[in-house]
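As a plain string of letters, each chain reads:
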Amino acid sequence: MLLLYILYIYSRKGVGILDIIISNSSNQPIYDQIYSQIKNLIISGKLKEGEALPSIRNLAKDLRISVITTKRAYDELERDGFIYTVAGKGCFVAEKNVELIKEENLKKIEEYMQKIAELAAMCNISNDELVGMFQILIKEEE
Amino acid sequence: MNALVIKDLSKAYKGFKLDNISLTLPRGCIMGLIGENGAGKTTTIRLILNSRKRDSGSIEIFGEDNRINFKEKKEDMGVVLDEAYFPDNFTVKQVNVVMKSTYKRWNEELFYRYIDKLSLPHEKAFKEFSRGMKMKLSIAVALSHDAKLLLLDEATSGLDPIARDEILNIINDFTRDESNSVLISSHIVSDLEKICDYIAFLHKGRLVFCEEKDELLEKYGILKCSRADFEAVPPDAVKGVKENNYCIEALVERRRIPSVFSVERASIEDIIVFIAREGTGR
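Chains A and B supply the protein sequences, listed in that same order.
Residue numbering for the first sequence follows this note's numbering, beginning at 1 and increasing consecutively.
Residue numbering for the second sequence follows this note's numbering, beginning at 1001 and increasing consecutively.
If you are wondering where the hints come from, they were derived from the structure by calculation, not from laboratory data.
Take these hints with a grain of salt, some might be off.
[To be verified] For each label pair, taking beta carbons as the anchor points, the in silico distance ranges come out as:
id, chain 1, residue 1, chain 2, residue 2, range
1, A, Ile-101, B, Lys-1219, 55 to 65 Å
2, B, Asn-1089, A, Ser-26, 14 to 24 Å
3, A, Gly-45, B, Ala-1232, 19 to 29 Å
4, A, Glu-51, B, Glu-1278, 42 to 52 Å
5, A, Gly-81, B, Asp-1146, 37 to 47 Å
6, B, Lys-1071, A, Gln-37, 42 to 52 Å
7, A, Gly-81, B, Pro-1026, 20 to 30 Å
8, A, Asp-32, B, Val-1097, 48 to 58 Å
9, A, Ser-25, B, Lys-1071, 12 to 22 Å
10, A, Gln-37, B, Glu-1269, 38 to 48 Å
11, A, Lys-89, B, Asp-1146, 53 to 63 Å
12, A, Ser-25, B, Asp-1146, 56 to 66 Å
13, A, Lys-89, B, Pro-1026, 20 to 30 Å
[As the list claims (entries may be wrong)] From the structure, some residues in chain A lie toward chain B, with a derived Cβ separation under 7 Å:
id, residue
14, Pro-29
15, Ile-30
16, Gln-33
17, Lys-61
18, Leu-63
19, Ser-66
20, Lys-71
21, Val-86
22, Lys-89
Backbone N, C-alpha and C define an ideal beta-carbon position, used for all residues, glycine too.
Using the sequences and the hints, build the whole thing.
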């Protein structure tokens, strides 16, 4: 019941409930945790184009983190083209840049491939075997 | 704009000297003043409140010397000292009446909202209040006269964890408005770590550092390793060392430690304990 109420309040403001989880035990700096989590919310489409982000101050106070740190995360998101600021109104999700997202995913694919190559080298699996494995996997998914 | 700017502030008492303190609290931020008992936290706050005369240096509140128009500045400052005092037989209602004639912008409705939020009784006499209730009452008063700068001196010490959390939440909410700022002193470091944007560390009357909290947490880490491994650590990256029979534990600058070492996260408490020990030569 209470949760529904919270949902209601948030949806009225145009900001849905966002999962942003700050870990104090992680070695990843806090601004980077916010940056990457909001970026993922945008890439995955949970935050939609034109949608308002929580204000820097409210996000900082709700998560009990420093305002300065939160601002730094937003600044980097803006610099990288994921959000834009309207003076006096706040921050909004920028138009999805397809190229940017593709680039982001390409980077991830490369990272995984790098790992596959390392693992394969460790146990002497040939390139042909790898390609074969991959083709079987793809067929199964179809 | 800055809420509070302190420059080269000094004040000597018999056996104690506040020595050349400089710090800046930007508007909309919370600064925690940390230090052992007798480090100079209360002296600093008293000087800001103009209740002691400084020997040298300057204090500016909202861009103006704190001694100019002090009566008006009092309206802009909400103050909570470590002892709350109201007349013994006063009730919440009577406090409200007195404050109404004390402060120009007293907000009765807001005051009662805080009273109810903090579950304080309306009819009980002040002398029957617990320490926690007394503290909560003075915080309610400090926040109900439209102050822009909140000064708290050891406001959470001696309270149970739940009462402390309630108070920290209220302070946190106060700064949702970006024109509001807070200076809070405490020796309970974990409380300050929870809510502060900046941490200022006073030690024996001197300011050891005044830095952004998250920057401190990013900058420093705890390294645990054997004595032999410790030789490979650049000495000037080490800010403090604890040794026992089995291993070495050191506060280090993360960026300068070779990546073969695993560096753990340091809490603000770790940072100040290591630095203070180092400063005194253990």
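- Taking each numbered hint in turn, which are not upheld by the structure, reported in ascending numerical order? Of the numbered hints, 1, 2, 3, 9, 10, 11, 12, 16, 18, 20, 21, 22 do not hold.
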